[in-house]
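Trainee: So you can see what is in the structure, the chains are spelled out below.
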Amino acid sequence: MELLTIDIAHMLAGALVLTSFMLLYQDRLSGLINIYTLHAVILSLSVAWQAYYQDAPHLYVTAGIAAIFKALIIPYSLRRIIERLGVHRTVEVVGGVGITMLIGIFLVALSLVVMLPATAAADPLAREDIAFALAIVLLGLLMMVTRRNAVSQIIGFMSLENGLVLAAAGANGMPLVVEISVAFSILIAFIVIGIFLFRIRERFDNVDLFELDRVRGGRS
Amino acid sequence: MNFLFDLVAQGAQMLLALALAPLLIGFVRKLKARLLHRKGPPIIQPWRDIIRLLRKEVVLAENASWLYRSAPYLIFAMTWVAASLVPTFATGLMFSWAADLIAIIALLGSARFFLALAGMDIGTSFGGIGSSREAMFGSLAEPATIMIVFTVSFVAGTTQLSEIAAYMAGNLELRASVGMALVALLIVAIAENGRVPVDNPATHLELTMVHEAMVLEYSGRYLALIELASALKLLLYISLIACVFFPVGLARHDAGLQAMAIGLGAYVLKLAIGEGLLALFETSRAKMRVFRVPDFLGAGLMLGLLATLLVFVTRSL
Amino acid sequence: MSADLFMVSNALVAIPAIAAVALAVEPAYRRSAVINVCASGATFLFALVLLIVEPENGGYLFVDDLNIVFVVLSTFIGFTTSVYSASYIDHEIETGRLTSTNVRFYHAMYQSLMCAMNLALLASNIGLMWVAVEVATLTTVLMVGIYRTPHALEAAWKYFILGSVGIALALFGTILIYMAAEPVLGQGYDAMVWKTLMSQAPQFNPRMLNVAFVFLMLGYGTKVGLAPMHAWLPDAHAEGPTPISAVLSGLLLNVALYAVLRFKMLLTANAAAITPGPLMIALGLASLIMAAFMLYRRGDIKRLFAYSSIEHMGIIAFAFGMGGPLANFAGLLHMTMHSLTKSAIFFSVGHIAQAKGTQRIADIRGLTQSQPALGWSLVAGVVAIIGLPPLGIFMSEFLAVSSTFARQPLLAIPLVFGLLLAFGALLLRTTGMAFGAPTPDVGEVKASMLPLYAHLSLVLLAGVYLPSHLVTWFQNVARLLG
Amino acid sequence: MNGSGERSIERLGGLIHSMPKTAFLFLGGCVAISALPPLNGFVSEWLVFQAILLSPSLPQWTVKLLVPAVGVALALSATLGAGCYIRAYGVAFLGRPRSEAARTATDPDRWSLGTMAVLLTMCLMAGLLPSLVIDTISPAAKDFVGGRMPTQAELSWLSIAPVAESRSSYNGLLVFVFILFSAYSARWIIHKFGSARSRRAPAWDCGYIETSPMTQYTGSSFAQPIRRTLGVIAFSVKERLDMPAPGDMRPARLSIEIKDRIFDYLYAPLTRAVETCASGLNILSLLTIQEYLALVFGALVFLLVLVAI
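Protein chains in written order, with numbering that gives the first Met the number 0: chain S, 0 to 219; chain R, 0 to 316; chain A, 0 to 481; chain D, 0 to 308.
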């Protein structure tokens with residue numbers, strides 16, 4: 000039984016990394032949101048499984064929050080925003096998909112090389128979790144770097160946050176207080192993004208970051 | 000008792016220098032004339048000129064200031080003091096430790112300072128020409144002289160003129176640095192006294208003159224004093240060369256009358272030889288363009304610097 | 000006795016929170032400005048109380064020598080900035096750049112920022128500190144974007160993205176610290192508390208600590224504005240309202256630096272882990288040299304002083320990275336002096352921008368004639384910030400350079416090179432602005448010069464005579480830092 | 000300056016007539032500062048030269064060779080200094096007034112004259128009694144330099160001998176008295192035996208009559224020979240003469256262009272280097288958010304690799 004639980008957790012974490020890769024690959028905006036929803040669902044499943052494995056009730060709460068907010072509310076409001084902005088059909092020019100994929104693989108390898116020796120003392124499951132979490136964080140960062148559209152950048156950021164939640168869940172015994180506040184502040188972060196999106200839309204028609212860049216004050 | 004004797008010796012040296020200087024100028028003119036197959040004026044002619052000028056009335060320009068009238072006395076006094084400090088027939092006279100070689104050169108410098116100022120006082124362009132050129136020559140000549148002083152005092156170990164003369168008399172060994180210092184001192188002497196290659200003392204041709212331009216406006220007793228001062232300066236330089244580089248025959252200050260007499264004879268002989276060489280050199284050279292003189296003086300400065308470095312590099316070289 | 004003392008540290012966090020709520024409700028901006036000033040004044044008084052009496056630590060907050068320095072400094076600057084922002088906001092409302100609803104939002108955000116900062120400084124466990132820094136970042140992001148001009152929005156957006164990435168990295172670092180502490184201290188709450196972490200540090204797995212420090216350094220380093228992660232700072236300073244840039248460069252950078260210092264202490268306690276010094280020195284030098292060169296090309300007055308903040312944070316990080324009692328003392332002194340001087344400069348810059356109606360250096364000329372008070376205060380501020388002798392910054396820079404000479408003479412060369420570069424650039428710009436033929440003024444400004452004079456006189460005092468108990472206080476903090 | 004209201008010496012001239020007292024005090028100052036014997040400037044220069052003459056006993060080679068070079072530099076600067084003070088005094092105080100302001104200049108009030116006079120007498124005292132000055136200063140120098148000069152007080156006749164009596168000595172008072180005595184005795188003898196009469200007449204000036212004050216030597220013309228000889232080496236002086244073609248009534252123009260070598264070869268390249276670095280780094284401020292993120296990302300990856308190894 001012990002082995003099976005580890006395998007499932009391992010499988011879920013691997014799936015999460017895979018979805019991060021898919022995020023990297025996807026250039027259609029609406030497709031991006033669907034993959035993000037999948038990403039959130041797998042996250043909540045793995046957190047729930049962690050909860051079951053560590054039989055820590057508070058993780059169920061986090062899994063619930065992750066499921067409701069990240070899997071439902073955020074994608075729904077994102078989709079609504081995109082329709083309102085009329086950008087849902089834009090195909091983003093993603094520079095060099097091949098190269099990004101290669102870098103992604105390098106990043107996963109790097110996170111494994113870095114984390115595994117570092118977590119020699121912890122139990123195997125926690126070690127894998129933290130390694131995959133680091134991989135997801137790095138992939139999220141990579142996505143933010145390669146994408147130019149504001150919405151895809153936010154989704155990159157959200158996947159990065161998912162990695163963090165996975166890491167937090169993986170660190171067994173992390174006090175509940177921190178969990179809640181972690182989730183809480185990420186939510187606020189999202190609301191702020193939303194406000195920005197509206198404002199950005201108010202000021203100029205599309206949300207392309209490049210457009211934003213042209214008017215910046217720092218030119219002088 | 001010997002205090003009085005020293006005072007008399009020092010007084011004698013001062014009066015001797017004063018007396019001999021114009022004769023020296025006369026002697027040089029006589030020699031140059033002879034070399035050019037001319038009879039030339041008598042040797043005592045410069046004294047006659049000075050006495051004539053002393054009696055004449057002074058004609059002053061309208062805007063001549065008190066500096067113009069007092070400068071000749073100051074110039075004469077400074078040059079006379081410097082000349083009397085250089086040992087002629089005996090070393091170590093009473094006032095000799097009052098000022099050493101550097102002080103003598105500086106006294107000449109201050110005489111030049113006042114002469115240049117006097118030159119500019121009347122406000123004529125010729126006075127300006129003379130002073131500016133004198134300032135330029137001075138700015139090259141004095142460092143060269145300082146270099147010569149360094150070389151000589153490094154070798155002799157002191158800057159006191161009489162000690163240098165005693166040391167040079169004592170151990171005469173041929174040194175490259177001392178030789179170079181001698182040549183440099185010759186160059187500087189020619190430039191300082193305004194002899195031929197640098198400035199022609201005989202003519203009043205405006206464009207060429209340096210020393211004459213400054214004293215253009217002087218007349219009467221002031222001109223006499225300035226002539227006397229320049230004669231004294233020539234005497235000073237020759238007796239300096241004689242005392243430092245050819246100190247043979249110099250008597251000690253307490254060596255008694257008989258040695259002093261020999262010293263005097265040797266000194267007069269050296270003066271004559273020096274004047275002869277100068278006359279020969281002058282007749283054989285033509286006057287240089289004014290802006291060639293810096294290269295001439297520059298050579299003197301380089302020689303002086305080289306001599307100092309050589310003294311430094313090896314004590315023996 | 001100890002009960003109410005325990006209350007003191009809580010009060011430091013409670014008062015701003017209550018004030019934030021009150022200000023959010025308060026419609027009239029004039030009264031809310033007064034409330035704002037009183038709230039920050041009260042928090043400052045409580046901080047002073049902390050100074051005198053050692054409260055017993057418990058619960059989520061704890062006080063030790065290190066964070067008292069930060070708390071007193073930030074509450075004092077918070078108080079003076081609130082006094083300044085009262086007059087600044089009046090002018091902004093008159094000129095119509097801010098509506099009264101904005102101002103209500105602004106005051107609420109201001110007090111919540113104060114609350115978050117005090118919480119971050121006093122938090123006893125690393126998770127709470129992270130949350131507090133996160134809330135502080137979010138409030139400042141909102142305030143930077145308050146003007147709603149395209150530039151302000153872009154600056155806020157950039158600040159948000161870079162800030163959040165930084166905070167995410169910091170969170171990951173915190174989780175790693177917890178992972179490292181968990182096997183030794185057992186699960187649950189006490190694996191996050193500073194005291195226990197510090198005591199058990201040697202037993203942690205050194206490799207985990209290294210990785211954690213990398214994340215923490217980059218994460219909180221973004222908030223400190225060190226070299227590769229500094230991009231948000233100049234735009235945030237330039238586009239936000241001036242009291243916020245004063246608070247940003249005066250306080251928020253220090254709070255992030257406090258976090259970095261805490262984790263540095265954790266690292267140095269564990270011998271096997273890599274020494275954090277070289278990393279901090281590298282980042283410090285990089286930001287010093289980079290900012291010094293950037294100063295030459297700046298056209299906007301607030302960006303100019305923002306880069307100068309990056310440069311000075313570089314010097315402070317360098318000093319703390321150098322380690323040893325003298326360098327730490329220099330770092331602490333420099334941080335205090337820099338916060339005081341930089342906020343004073345931003346006070347005068349704010350009024351200057353209002354008076355001249357522009358922030359472009361090219362259009363600001365002859366300040367000392369058209370606005371003598373502002374002009375000369377700017378000159379005094381800049382004289383202080385470039386480190387001329389009579390003032391405090393020279394003292395701390397001098398100590399930093401001499402301690403570097405003592406320990407690593409080769410490092411002193413780039414340090415001094417950076418200082419000279421910045422000196423030249425700032426002097427060049429300020430003489431251009433302060434003297435020469437005055438350019439036309441846009442409007443009359445009722446400048447509240449009190450906070451500015453307070454700060455500069457403190458800096459002058461520190462430069463001329465360092466009170467002995469202050470020195471001993473800083474010294475044992477320096478020893479604490481290791 | 001406040002006497003005549005003029006600053007540039009080119010427009011002054013002949014102040015010795017309109018401001019005699021200031022002229023005398025200024026002359027004293029010039030003599031002192033150009034290190035001429037009777038006054039204090041010479042004493043300090045002389046002591047420096049004595050110090051240079053002690054240099055062979057120095058152990059380090061470079062200093063040994065450097066010291067004579069410093070000596071020649073000092074001598075050169077002393078004479079050039081004297082030259083520039085001749086120029087300043089000559090152009091400003093001597094000659095004929097070049098402008099109305101110079102003609103109508105007046106001596107300043109008693110107080111400023113008094114201060115100048117006090118300072119000049121102090122210079123004279125330091126020049127004449129150097130041993131007193133040295134004895135007062137050398138204890139201060141002692142803890143600064145370590146060694147101290149032998150006390151000069153007990154030397155006879157108030158002369159100073161920095162190292163040893165035999166080595167070199169200088170007696171300012173005696174030289175001054177000597178000069179005064181010979182000057183006045185000459186004056187007395189000449190006035191007694193020669194003539195004391197003098198008469199005023201227009202200046203001879205080799206026959207030019209009534210030349211305008213403009214023909215006098217100005218500051219730049221006075222410096223022209225030195226500029227030609229030494230200026231070329233020091234400052235890369237370039238003189239351009241623009242002579243009009245014959246018949247063309249345009250005045251000839253002589254323009255001198257002096258460039259300071261140190262500025263060209265030290266400061267200019269330094270500023271250029273800083274400017275290029277500044278503009279090079281400036282692109283850092285113009286990056287997009289993405290590129291900034293790339294920077295942070297790069298730093299993170301680099302550090303992780305570092306830690307991993």
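If you're looking for bench data, these hints aren't it; they were derived computationally from the structure. Hints may be right or wrong, so weigh each one.
Unchecked claim - Far from chain S, by Cβ distances over 10 Å, these chain D residues were calculated:
(1) R10
(2) V117
(3) D142
(4) S254
(5) A293
(6) V295
(7) F296
Stated by the list, open to error - Covered stretches of chain S, going by a simulated chain D footprint (3 or more residues, C-beta under 8 Å):
(8) 104-113
(9) 125-132
Quick reminder that beta carbons are idealized off the backbone N, C-alpha and C, glycines included.
Trainee: Against each hint, give a clear statement of whether it holds in the structure.
Mentor: Tested hints:
Every C-beta of chain S lies more than 10 Å from that of D/R10, the closest at about 47 Å, which supports listing it as non-interface. For D/V117, the non-interface assignment is confirmed: its Cβ lies about 59 Å from the closest Cβ of chain S, beyond the 10 Å cut-off. For D/D142, the non-interface assignment is confirmed: its Cβ lies about 57 Å from the closest Cβ of chain S, beyond the 10 Å cut-off. At the 10 Å boundary, the C-beta of D/S254 stays outside the reach of chain S, the nearest C-beta of that chain being 41 Å off.
Some Cβ of chain S comes within 10 Å of the Cβ of D/A293; the nearest lies about 5 Å off, and the non-interface call is violated. Residue placement check: D/V295 does not keep its beta carbon more than 10 Å from all beta carbons of chain S (closest about 8 Å). For D/F296, the non-interface assignment is contradicted: its Cβ lies about 5 Å from the closest Cβ of chain S, within the 10 Å cut-off. Coverage of the stretch 104-113 of chain S by chain D holds [criterion: at least 3 residues with CB-CB distance below 8 Å; count 5].
For the stretch 125-132 of chain S, the assignment as covered by chain D is violated, since 0 residues bring a beta-carbon within under 8 Å of that chain's beta-carbons and 3 are needed.
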